[in-house]
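Asks: Okay, here's what each chain looks like letter by letter:
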Amino acid sequence: MSIKIRMRGKVKGDVAEVKALIKHKMESGARMNKKTGKPYPAEFIDVVDVSINGTKAVDAQWSGAVSANPYMGVMMKAAKGDEVTLSLKDNTGATGSQTIKLR
Amino acid sequence: MKRRSFLKGTLATGAAAVAVNASLLTPSTVLADWNKKAFNAKAPEDALNAAFGMSNATASSDIDLGAPAIAENGAVTPIKVDATKMAGVESIAILASKNPFPFVCEYSFSGPALGYVSTRIKMGETQNVVAIVKAGGKLYKAEQEVKVTIGGCGG
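If you read the sequences in order, they're chains D and H.
All residue numbers for the first sequence refer to our numbering, where the first residue is 1 and numbers rise by one.
All residue numbers for the second sequence refer to our numbering, where the first residue is 1 and numbers rise by one.
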């Protein structure tokens, strides 16, 4: 199952701000299911990579303490038309990837 | 580690498996390992030691930590860390000092990336948010208290 990512990137001068909104429940593993008394199993995105034109720029590691449906904004040196790719995976092995052209 | 990604590759089907095996020599396509020790640490100092190999951070006014004074919903606390004024920023980590597991997230930068991150985190109770910036082999920090009216962990 692939994880859904919405991404947008805009260049101002020689710097681009890339924003991504990811659809994921980010279950930390600590929240209790009141009916069964057992915790909901952990399910969260743990590794996120951002690269520009194939060059690695940001390499992020998350815990279950990042909010559900995570938002992430990063900045990098870039020009219009550059291709930015975001790829990620969660602790259950689900992956997602999205590539956009900077405007 | 290589063996693990090899096994993963063989589990995948057909052409995909071949592609993963072929990419073993160019690890750029394989996502980095998760720093389990840092994320499972229960004290902020232990987490920093596990993540950076040191825990003494100097307070710096060059870090612009944007966090709300009062978070109405602790499950979604917007946090912004802007260290673009500093030179040689290698990574930024965000810690919530009183969360059960304080180490929330870590971003490392390379090549064209600037030292800037904005994200949203969960906070269990009123506490300090700490932004740790590693620049030039040293740790710098900025702290701000965030009052939480509804907790975001467990419950």
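Some clues are possibly wrong.
As the list claims (entries may be wrong) - Sample of chain H residues lacking proximity to chain D, with all beta carbon distances greater than 10 Å (derived):
id	residue
1	Asn49
2	Ala59
3	Asp62
4	Asp64
5	Ala75
6	Glu106
7	Val117
8	Lys122
9	Met123
10	Gly136
11	Glu143
To be verified - Derived, one-sided and incomplete: chain H residues facing chain D with beta-carbon distance under 10 Å:
id	residue
12	Pro68
13	Ala69
14	Ile70
15	Glu72
16	Pro100
17	Ala113
18	Thr126
These are computed hints drawn from the structure, not numbers from a lab.
Note that this is a predicted model, so its numbers are computed, not measured.
Idealized CB from N, CA, C, for every residue including glycine.
Asks: Verify that the Cβ of H:Asp62 lies farther than 10 Å from every Cβ atom of chain D, and report whether the claim holds or is violated.
Replies: holds, 16 Å
Asks: Regarding the assertion that H:Met123 does not contact chain D, is the least Cβ-Cβ distance greater than 10 Å?
Replies: At roughly 8 Å from the nearest Cβ of chain D, H:Met123 sits no farther out than 10 Å, so the non-interface label is violated.
Asks: Double-check H:Pro100 for me: the hint is only fine if its C-beta lies closer than 10 Å to a C-beta in chain D.
Replies: holds, 6 Å
Asks: Taking C-beta pairs only, is H:Asn49 more than 10 Å away from all of chain D?
Replies: The claim holds: H:Asn49 sits with its nearest Cβ about 16 Å from chain D, beyond 10 Å.
Asks: Using the nearest Cβ pair, does H:Ala69 come within less than 10 Å of chain D?
Replies: It is violated, given that the least Cβ distance between H:Ala69 and chain D is near 18 Å, above 10 Å.
Asks: Mind verifying the non-interface call on H:Glu106? Its CB should be farther than 10 Å from each CB in chain D.
Replies: violated, 5 Å
Asks: Is it correct that the beta-carbon of H:Lys122 has no partner in chain D closer than or equal to 10 Å?
Replies: violated, 5 Å
Asks: Would the stated hint for H:Glu72 survive a check requiring a Cβ distance to chain D of less than 10 Å?
Replies: Interface hint status for H:Glu72: violated (13 Å vs cutoff 10 Å).
Asks: Quick one, is the H:Ile70 hint okay against chain D at 10 Å, beta carbons?
Replies: violated, 17 Å
Asks: Would the non-interface assignment of H:Glu143 survive a Cβ cutoff of 10 Å against chain D?
Replies: holds, 17 Å
Asks: Is the interface hint for H:Pro68 satisfied, with its Cβ closer than 10 Å to some Cβ of chain D?
Replies: violated, 13 Å
Asks: Please verify that the nearest CB of chain D lies beyond 10 Å from H:Asp64's CB.
Replies: holds, 13 Å
The structure fails hints 5, 6, 7, 8, 9, 12, 13, 14, 15 and 18 (numbered hints given earlier, in ascending order).
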